[in-house]
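So the sequence shown is numbered by my numbering: it starts at 1453 and just counts up by one.
Be aware that one or more of the hints could be misleading.
Per label pair, the in silico range of CB-to-CB distance [claimed, not checked]: (1) Asp1525 <-> Ser1632: 33 to 43 Å; (2) Ser1632 <-> Phe1660: 38 to 48 Å; (3) His1531 <-> Asn1559: 19 to 29 Å; (4) Ala1523 <-> Ser1589: 25 to 35 Å; (5) Glu1595 <-> Gly1488: 20 to 30 Å.
Keep in mind that the hints were calculated from the coordinates and are not lab data.
Beta carbons: idealized from backbone N, C-alpha and C, even for Gly.
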Amino acid sequence: GSRALPRGARALVVTAHPDDESLFFAPALLGLRRAGAAPAVLCCSAGNYYNQGEIRKKELEQSCCVLGIPASDVTVIDHRDLPDNPAVEWDTHLLATIVLEHIEAKNINLVVTFDAGGVSGHTNHISLYSAVRYLHSERKLPEGCRVLVLESVNLLRKYISFLDVPISCLLPGDALFILSEEETEQAKRAMRCHRSQLLWFRRLYVLFSRYMVVNSLHLL
């Protein structure tokens, strides 16, 4: 269900690194498209941890294309103060300013990002939550703009994939996106666009992770 979607939703999915969109948010992106809310993606770093920034930007565009999002709706922020580095805590105000600019420029009324757990506990993911939460609590978002955050689940639930669907259906959430088998294949194809990142553990993740199949989100 997606009762949290505003009518005629214009959604912005805010991610930290190229590949977050397919690793974590594919069900939301495909579900939003299914609901007629053409989502845009704002990726807040170029994923330059191993100096692969340019390659990773191209991979992001390819992945989004597989998910039905045109390159014109995909933006990558490459800011020296927002490095792809788990040891660096991104500045909340800088991030909030960048995100708000995009919300206003694209006339967004639904923001989707990580929750306080950041799914994998990655510092950069949690920074996004802090920035969006700041915008929300300080009432800086445009009127009627809602925020949905992706529920971080415990490790066991994170890796049981399809078995988690019944559990998620029973738990209270504000939006639940579950992919069909066909859409799950689409999500995996999007993930495979990130060729520079497909290390063995990513391949394992694609097989087992519930985030390739289910996104449960909560309103702030």
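Query raised in the report: Where does the structure disagree with the numbered hints, that is, which hint numbers, in rising order?
Result: Checked against the structure, the hints that fail are numbers 1 and 2, while the rest are satisfied.
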